[in-house]
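Participant: Those sequence lines, one after another, are chains A, B and C. Each residue of the first sequence is one higher than the one before, starting from 277 at the first, in our numbering. Each residue of the second sequence is one higher than the one before, starting from 126 at the first, in our numbering. Each residue of the third sequence is one higher than the one before, starting from 5 at the first, in our numbering.
One or more of the hints may lead you astray.
To be verified - Below, simulated DSS-like cross-link-like pairs (lysine-lysine); rule was C-alpha separation at most 25 Å, straight line:
#1 B/Lys416 - B/Lys377
#2 B/Lys208 - C/Lys165
#3 B/Lys234 - C/Lys165
#4 A/Lys595 - C/Lys124
#5 B/Lys229 - C/Lys165
For the record, the hints were derived by calculation from the structure and aren't laboratory data. Given the structure is predicted, the values throughout are model-derived calculations rather than measurements.
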Amino acid sequence: MSDIAKDAPPPPWSFLSHNAAQLFYRLLAALLICIVLSIANESFLSLGNILNVLRQASLTFFIASGLTLVVLTAGLDLSVGANVALSACLAGTVIHQTGSPVLGILTGLVAGGTVGLMNGVMVTAMRIPSFIATYGMLWVLNGVTYWYMAGETIHGFPAGFRQIGSGYFLGLPIPVYLLLVFLAIGTLFAQRTVWGQEIYAIGANPVAARLSGIPVSRRLLLVYTVSGTMAGLASIIFLSRLNSAEADIGESLTLPAIAAVLIGGTSLFGGVGTIFGTFVGALILTLVLNGMNLLSINANWQPLVTGIIVIIAVWLDMKTRRGAT
Amino acid sequence: MQHRRSCYLALSLLIASATTQARADGETIAVFTKNQTNPFFQTVRVGADNMAKALNAKILHYIPTKPDSIPEQLSQIEDVVVKKPSAIVFTPVDYKAMVPGVEKINDAKIPVVNITDRSAGGKFVSFIGADDYSLGLETGRFLLKTLGGKGNVVIIEGVKGSLTNVDRVRGFNDALKENPGVKLLASQPGNYQRLQALQVMENLMQSNAQIDGVLAANDAMAVGAIEALDGANRKALVIGINGTKEAVDAIKSGKLLASGDYNGFAQGCLGTMMAIRSLRGEPVITEIVLKPTVITKDNYQPFDLSLEQRSCPSFEDASKLGAK
Amino acid sequence: MSDLAIASPISSLRRLPGVAIVLVLLIALFGAIAPGFLSAANLSNVLVQSTILTMLALPMTLIIMTEGIDLSMGAVLTLTSLCVAIVSLATQSMLLGLGAAVLVGTVFGLANGWLVAIAKIPPFVATLATLGMAHGLSLIVSDGQSVVGIPHSVRDIYSAKLLGIPVPILMGVASYGVFHGLLYHTRFGTYVFALGGNRDALRYAGLSPTRLLIAVYAIGGMMAGVAGLLMTARMNSGHPTAGLGLEFDAIAAVAVGGTSFERGKGWLLGTLLGVLAVGVLRNGLNLVSLPSSVQVASVGVLVIVAMFLDGLRSRA
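Build out the structure end to end from the sequences listed, making use of the hints.
Facilitator: Shown next, in the form of structure tokens:
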């Protein structure tokens with residue numbers, strides 16, 4: 277993964293113009309899926325379904341947005357799904373025990389963030405490659421969650437808490453607002469703050485970043501902690517939407533989140549990508565699922581179709597990137 | 126160096142302390158279940174534990190670390206054969222692919238009782254299970270009767286190809302055939318997963334303006350569908366299968382119409398009972414297929430107990446529980 | 005290896021890779037506390053159980069040495085296992101089944117190689133996509149059902165013995181031998197080292213990194229095909245999800261075994277030790293019958309501890 281030097285990525289601060297064309301293509305791809313689906317099924321373009329897609333995409337997006345920062349530093353976090361499961365179970369317990377949704381939300385966020393911080397420590401202080409460290413963490417978290425839950429389900433939460441995941445405000449689902457807020461915060465953080473720019477710089481060239489005085493370890497700790505906290509947030513949304521938690525909820529969340537980041541054009545070599553791209557990636561994945569349900573397509577085809585879409589998205593990305601530079 | 130040493134010390138202490146509690150008198154029964162995540166298998170394990178305690182035997186649980194992993198359950202069988210427990214109570218993670226594993230147990234001359242999913246091969250002391258087909262049929266019938274034999278329904282299926290799903294969905298479909306006035310709008314898989322069922326339901330609601338009933342192949346998916354309906358402020362009658370605590374709560378509060386009782390607790394109890402009885406040379410029942418019970422608002426009370434409060438059926442009751 | 009043996013105790017402890025320390029400790033620990041662990045039957049169990057993972061982890065080592073990764077291996081193994089089942093069911097011939105599996109595996113390997121080397125798609129993404137495709141094809145060709153009724157010649161492979169040694173162990177040993185020879189005693193092996201460490205040197209030497217890279221991935225797919233035969237033989241059936249996720253076990257074994265994700269540092273024996281460490285851990289925990297949740301967590305702890313020890317060693 278040291279090919280970066282040869283590929284000579286453009287300086288991180290110029291990426292806005294650089295990425296404009298690619299983002300356009302990706303949006304075009306999403307639009308294309310939409311057009312095909314709306315021809316095939318008339319209910320696709322209804323406002324209800326559009327909101328539906330956005331709400332479903334939000335869960336993937338929350339996990340994937342934190343993950344985007346990790347991938348920007350040329351790292352990876354395989355533990356996000358397991359983190360969601362543990363955080364959801366802990367948060368659920370706290371709400372049940374104390375009756376206070378606020379405490380529960382805090383628990384979810386803190387639990388997620390703590391796991392993220394531990395990942396960060398393994399990557400920085402213990403110098404374990406992120407892929408392996410977070411894979412080990414995945415198993416540890418699963419073990420803890422299985423032990424803690426002992427095959428039980430936590431279910432039934434206060435109506436107020438349920439509003440976060442399933443409520444509406446001015447006709448829009450609340451998760452959609454949260455999605456927009458975090459999309460804005462994430463984009464601003466990554467592109468308009470010094471820390472954000474330093475994260476891009478670390479991903480593009482860690483040695484140069486260190487030499488230019490960026491506190492690499494501290495920024496990495498931050499990135500993994502943010503990723504864990506976003507998993508914690510996702511666990512809250514999950515909990516309040518499904519009104520219950522059990523030990524296996526995270527299993528099916530990790531690979532789609534990684535796929536969303538990659539379809540969104542963030543490079544695994546670090547330094548290239550945007551939060552907005554990840555949002556579009558999550559959108560494309562959700563559209564595929566939504567379309568298959570609307571058209572009653574056999575779910576056996578779903579992994580195949582998803583695989584093909586990932587390839588096409590990334591290939592288009594490579595094409596346009598080469599064209600742009 | 127100090128770090129390393131303390132690491133090893135902690136690890137060995139952990140393992141040593143855990144092994145000491147694995148010793149006990151009486152027979153040792155190895156119980157195999159599919160995963161640690163599905164509440165159903167927890168009820169099976171608690172049932173087995175209760176029965177073993179009553180009969181003064183010792184239970185060891187073997188559960189794949191990756192849920193439903195075929196290679197891992199095969200490995201666990203190979204390891205357990207070395208350990209030679211007195212008997213085995215066995216739920217195959219896949220009823221066809223685990224046959225070589227069962228044959229290994231047979232070769233080692235360890236008596237084995239099959240519970241939950243009927244294995245496609247191998248020799249067993251006894252089979253204890255529920256009839257997925259009639260559970261699907263009866264629970265489906267109850268929904269369609271409540272609907273008055275008309276309306277639009279959807280089926281949310283479990284994992285394609287799994288034994289439980291094939292039979293339950295066949296039961297649903299046969300119940301639908303008896304009610305020609307009911308229209309099946311769609312039959313989509315939710316893979317026994319709550320989130321997937323929720324999203325499938327949300328999507329189906331977009332393309333179908335009127336859904337009166339939902340037949341879900343397990344409780345987690347039924348509850349997921351209910352959340353989707355609530356979120357869209359729509360109403361439909363929903364049924365699930367398994368009879369989990371969560372489903373009973375939902376029936377109590379009127380959100381879920383009914384759940385077919387898969388009765389994992391009794392399966393765990395009776396499986397362990399037959400294993401121990403065969404070891405002690407007492408008569409066993411070679412096949413018990415539990416009669417389907419549909420849990421509804423009228424009869425949920427006996428199911429509204431925590432697992433620890435439930436007691437195992439006696440041998441005399443066991444023959445009455447079964448359809449055969 | 006030889007210089008490890010003759011070095012003084014302290015310095016050799018320093019130079020011993022984390023995985024070797026962990027493996028020795030695990031064996032000592034389980035030998036002491038797990039009844040029957042050191043019996044021949046059980047040790048043979050551990051080895052037989054480790055063969056499928058070995059067959060994936062060996063080519064994975066080469067792939068990771070080229071700074072690549074193959075996430076599709078578990079899914080391809082599942083697909084090739086189904087191929088063995090379906091083809092041998094149709095033709096009653098184990099060899100045709102194996103042939104079909106190796107063919108399908110190699111095609112997927114070539115596709116991975118093509119995507120990585122020619123389409124220049126990052127390996128992680130390319131193989132994540134082919135993972136989806138292989139998984140999808142497995143579900144489609146089997147319609148989500150197990151394939152049963154395959155001829156006995158297939159299952160016999162798993163239970164047969166040659167000179168008293170189970171055939172899967174022999175296949176595992178043979179695979180290791182072939183890969184060892186390939187990596188350390190052929191030019192191809194030298195090129196693989198260069199592919200990771202010094203790609204420009206290859207170009208100067210007039211060699212095409214593209215073709216080498218494709219070959220490395222194709223070998224991975226081919227081995228998934230061979231392992232597919234063992235998988236089917238083990239289950240006496242084909243199952244559409246049987247091998248999913250094994251790629252992560254293989255990657256973990258490679259990493260724990262000391263092969264680095266950067267700069268072509270590879271150690272084939274370490275990979276083997278990594279596979280064995282995971283196998284010994286799972287087997288031993290089953291024998292001492294710890295609670296299942298502890299078993300789950302301990303796999304993660306093993307990976308982290310071994311990597312941490314390695315990190316200490318490289319800094320020392």
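Participant: Would you mind marking each hint as holding or not holding in the structure?
Facilitator: For each hint, the structure was consulted:
1. B/Lys416 - B/Lys377: Holds. B/Lys416 to B/Lys377 sits at ~23 Å (cutoff 25 Å).
2. B/Lys208 - C/Lys165: Given pair B/Lys208, C/Lys165 holds - Cα atoms ~22 Å apart, limit 25 Å.
3. B/Lys234 - C/Lys165: The hint holds at about 21 Å.
4. A/Lys595 - C/Lys124: Holds: A/Lys595 and C/Lys124 sit about 10 Å apart, inside 25 Å.
5. B/Lys229 - C/Lys165: It holds: about 16 Å lies between the C-alpha atoms, which stays within 25 Å.
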